[in-house]
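> Sequence:
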Amino acid sequence: AKAPPPPPPAPKAVALGPPDASRGEKVYQQTCFACHGTGAAGAPKLGDKAAWEPRIAQGMDTLIQHALKGFKAMPAKGGNPGLSDQQVADAVAYMVEKSR
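In this text, residue positions in the sequence shown follow my numbering: the first is 1, and each later residue adds one.
Since the hints were made in silico from the structure, they are not lab data.
All C-beta atoms in this analysis are idealised placements derived from N, C-alpha and C, irrespective of residue type, glycine included.
Hints are supplied without guarantee of correctness; some may be wrong.
[What the hints assert, rightly or not] Dumping the calculated DSS-like pairs for lysine-lysine here, alpha-carbon to alpha-carbon at most 27 Å: (1) 45 with 26; (2) 26 with 49; (3) 26 with 2; (4) 69 with 45; (5) 2 with 72; (6) 45 with 72; (7) 98 with 49; (8) 45 with 2; (9) 69 with 49; (10) 2 with 49; (11) 98 with 72; (12) 98 with 26; (13) 69 with 98.
[As the list claims (entries may be wrong)] For each label pair, taking beta carbons as the anchor points, the in silico distance ranges come out as: (14) 81 with 54: 22 to 30 Å; (15) 5 with 47: 49 to 57 Å; (16) 70 with 5: 37 to 45 Å; (17) 3 with 97: 46 to 54 Å; (18) 4 with 45: 52 to 60 Å; (19) 69 with 5: 46 to 54 Å; (20) 100 with 30: 17 to 25 Å; (21) 18 with 45: 45 to 53 Å; (22) 40 with 4: 21 to 29 Å; (23) 45 with 84: 52 to 60 Å; (24) 100 with 5: 43 to 51 Å; (25) 4 with 76: 33 to 41 Å.
Using the sequences plus the hints, can you model the full thing?
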C-alpha cells in the first residue's frame, strides 16, 4: 500500500522574504514620502527618532502589519494598492533604518 500524500503546508499569514531597506527606499520615495516626509495626518516623519522609538519598540511584524492593513489615519499600503506585500515590508524596513 502506498503512503497517503503529505498534508499541504499550512498557509502563513504573511509569506515574505526578509525586508530589504535598500529596495524599500524607492517605494518610500514613490508612496510613503507623501505623509512620512511631511508629517501629514500625524505620520511619524522619516528620521524623527523620538516619534519612531515607541513604534519601533512594537517590532517589525507589527509595523509591517499596520502598513499592510492600514492603521489610524494611514490607509492600507499607504494608499497604493498596487504595491506588493514585500514592497510594503521593504519600505517599512527603510523607514525604520533611517529613523533609529
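> Against the structure, test the hints numbered earlier, and report the numbers of the ones violated in rising order.
Hints 3, 5, 8, 10, 19, 21, 22, 23 contradicted; others consistent.
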